[in-house]
Amino acid sequence: MKAQYIKNVDLKQLRDLKSDFWKKIQPNILPMNPTPVAMQPTQAIRSEWESKPYGLVKEVSLSAAHNGRFVAFRLEWTDPNQDENRHDNSIFSDGAAVMLASVPGAPVTLMGAPGMPVNILYWRADEGEQGRNIVAEGIGTSRTVDQEMVVCTEQWANNTWQVIIARPLKIDTKEGIAQLSSGKEMAYGVVIWNGAGGERAGIKSYAAGGDQLVIGEAG
Amino acid sequence: MSKRQISMVLDLNKCIGCNTCSIACKTLWTRDEGMEYMWWNTVNTLPGKGTPKNWEEMGGGFRDGKAKPGHIPSRDEFGEAWAFNYTEVFEGGKKGKGSHLQPAGKPEWGPNWDEDQGGGSYPNGYSFYMPRICNHCSNAACLEACPRNAIEKRSEDGIVTINEDRCRGYRFCMSACPYKKIYFNEQTKTAQKCIFCFPRIDQGVAPACARQCPGRLRFVGYRDDEEAPIWKLVEKWKVAIPLHPEYGTEPNVFYVPPLNPAAFDENGNIDESKPRIPDEYLISVFGPQVLDSLKILKAEMAKRKAGEPSELMDILIAYKWEDNFGGFDRDPQTIDWHMAGNEAHPIADDSNGRFAGSDEVSPVKIIDPRANA
Ligand code: SF4
Ligand code: SF4
Chain C
1 MKAQYIKNVD LKQLRDLKSD FWKKIQPNIL PMNPTPVAMQ PTQAIRSEWE SKPYGLVKEV
61 SLSAAHNGRF VAFRLEWTDP NQDENRHDNS IFSDGAAVML ASVPGAPVTL MGAPGMPVNI
121 LYWRADEGEQ GRNIVAEGIG TSRTVDQEMV VCTEQWANNT WQVIIARPLK IDTKEGIAQL
181 SSGKEMAYGV VIWNGAGGER AGIKSYAAGG DQLVIGEAG
Chain P
220 MSKRQISMVL DLNKCIGCNT CSIACKTLWT RDEGMEYMWW NTVNTLPGKG TPKNWEEMGG
280 GFRDGKAKPG HIPSRDEFGE AWAFNYTEVF EGGKKGKGSH LQPAGKPEWG PNWDEDQGGG
340 SYPNGYSFYM PRICNHCSNA ACLEACPRNA IEKRSEDGIV TINEDRCRGY RFCMSACPYK
400 KIYFNEQTKT AQKCIFCFPR IDQGVAPACA RQCPGRLRFV GYRDDEEAPI WKLVEKWKVA
460 IPLHPEYGTE PNVFYVPPLN PAAFDENGNI DESKPRIPDE YLISVFGPQV LDSLKILKAE
520 MAKRKAGEPS ELMDILIAYK WEDNFGGFDR DPQTIDWHMA GNEAHPIADD SNGRFAGSDE
580 VSPVKIIDPR ANA
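Protein sequence lines correspond, in order, to chains C and P.
The letter at position 21 of the first sequence is residue 21 when you use this note's numbering, and the numbering goes up by one with no holes.
Every position in the second sequence, counted from 1, becomes a number in this note's numbering once 219 is added.
These are computed hints drawn from the structure, not numbers from a lab.
Hints may be right or wrong, so weigh each one.
Claimed, not checked - Below 20 Å or equal to it, Euclidean Cα-Cα: the simulated PhoX-like pairs (lysine-lysine) are:
hint : chain 1 : residue 1 : chain 2 : residue 2
1    : C       : K23       : C       : K7
2    : P       : K493      : P       : K517
3    : C       : K24       : C       : K7
4    : C       : K52       : P       : K285
5    : C       : K52       : P       : K517
6    : C       : K18       : C       : K7
With these hints in hand, go ahead and build the complete structure from the sequences.
Here it is as structure tokens:
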């Protein structure tokens, strides 16, 4: 899939769910599956979830655009509940993330591997606009590297979440994030957490992008 | 496995249920926003539903070596921190119309809700107090459960702590801990629990709940220190036993079980053949070892009554209070906590300018009667 280059838009417009250009981009519909129980990192999680349903979100729509400086991913999925912060210990927030291979060959499905980081652009309903820029080198290793570069827009209406996750194409850092530029290609994936179903951490829906994400050429 | 393991022994025969320990911990560690409903130290009456309500039925821990699924206690099960109408009572009184102090709303549970209800029926009613903290388990279920490796067992003393920089509030630890000793902080969005007062331990000071206990029933120290009370009570005399050993987490908090008086028969006479607290109940709480422990206690009590010496009784009487603490007997008032905290563990001096030390009532000296004789 392609992150289309859009001329003459600023970050504000990229982040606006109502911007006209979004209507012209054909979204990619990705089927989602629960992350396998066997991949859960602890015994307690495996034994609790082997008999419980999770991965409740079955499909996500993904579009991407960039303006030469910033890239924006637009996600939409059906969720009958808006789970933000209902204040109890067993209430969890909805969340979503776009995963990008930071280096060629980094296994996105396995959240990276030692020396082969994956970059996770992360939104959680209770954290709102402030997204997280996360790097992982394998399951259980994810680490927030900053909370400034990733910004989000969210809206829940008609049983649907619409979320835009944006960040600069390039970020000046030594962390193992994905550095993006026109023409670059990389493996990608999408993760959705349905808070009402107790989904968090590895208990989630996952979609592997079957193809490569291409950053469209400017011009 | 840690190199050494710090531990606490609580003598239930001396607990008066006053909750001074709970307040000691509350004032020291859980006064911040988001921590209102937290009681890292609780004291409940057994038999009873406890804190959180019915925690013994919430699962977690290990059975036959396998993690057992558990339940995350809700805020209602823990009990909210109630808001009281202080202003109305103290300042808003109208002439001829008083206001009673009362919580807002209609709370249906709280951290010591079923105090003194107990079990059994007249004339054989029974109850005892059960103070609880995190057990700083050797096979900690919370630590195993965390997918982010945010829970650590300190190598030097086995204290189990949550690294709040790594914690993302997933709460798997809360379902996994079979003792239900982990709370979720809505403000920081992290899990929090008893830290065995590690900034005090680092300075040779016993935990606040132990030092401030007026009943002197708490012993502190390394499990392998053969000169100190923990080793003597757990390993040598075998009277201190864990709570619910069947949960499989290998707790490092131990209890001297409640001595069990004889029951009354239907005519109101004491029937020495029957215990007041049913053995099955004690076994359900402490495991089968409880009966041996009680036997040893009774035998040593009898010895002492007969004027013979008993090391066990001397330890439990706690003549010299400082001896309860296995070397962690420094007076917190003698420490500059600002300096102490900055050396190694900045948490000792948190952002509220609170210290891990002090605010303590000085203990009354109990004189060994034999020293006067
Ligand atoms: S009592 Fe619970 S929280 Fe404490 S170490 Fe054991 S499993 Fe963890
Ligand atoms: S050891 Fe310290 S932190 Fe733990 S319950 Fe006692 S006073 Fe609270």
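* Given the hint that K493 (chain P) pairs with K517 (chain P), does the C-alpha gap stay at or below 20 Å? -> Holds, at roughly 15 Å.
* Would you check the hint for K18 (chain C) and K7 (chain C), treating anything up to 20 Å between C-alpha atoms as holding? => Holds: K18 (chain C) and K7 (chain C) sit about 16 Å apart, inside 20 Å.
* Holds or violated: K52 (chain C) to K285 (chain P), with C-alpha atoms at most 20 Å apart -> holds (17 Å)
* Is K52 (chain C) within 20 Å of K517 (chain P), Cα to Cα? -> This hinted pair is violated, its Cα atoms lying about 49 Å apart.
* Below or equal to 20 Å on CA atoms is what counts here, so check K23 (chain C) against K7 (chain C). => holds (15 Å)
* Is it true that the CA of K24 (chain C) sits at most 20 Å from the CA of K7 (chain C)? -> holds (13 Å)
Of the numbered hints stated above, the single one contradicted by the structure is hint 5.
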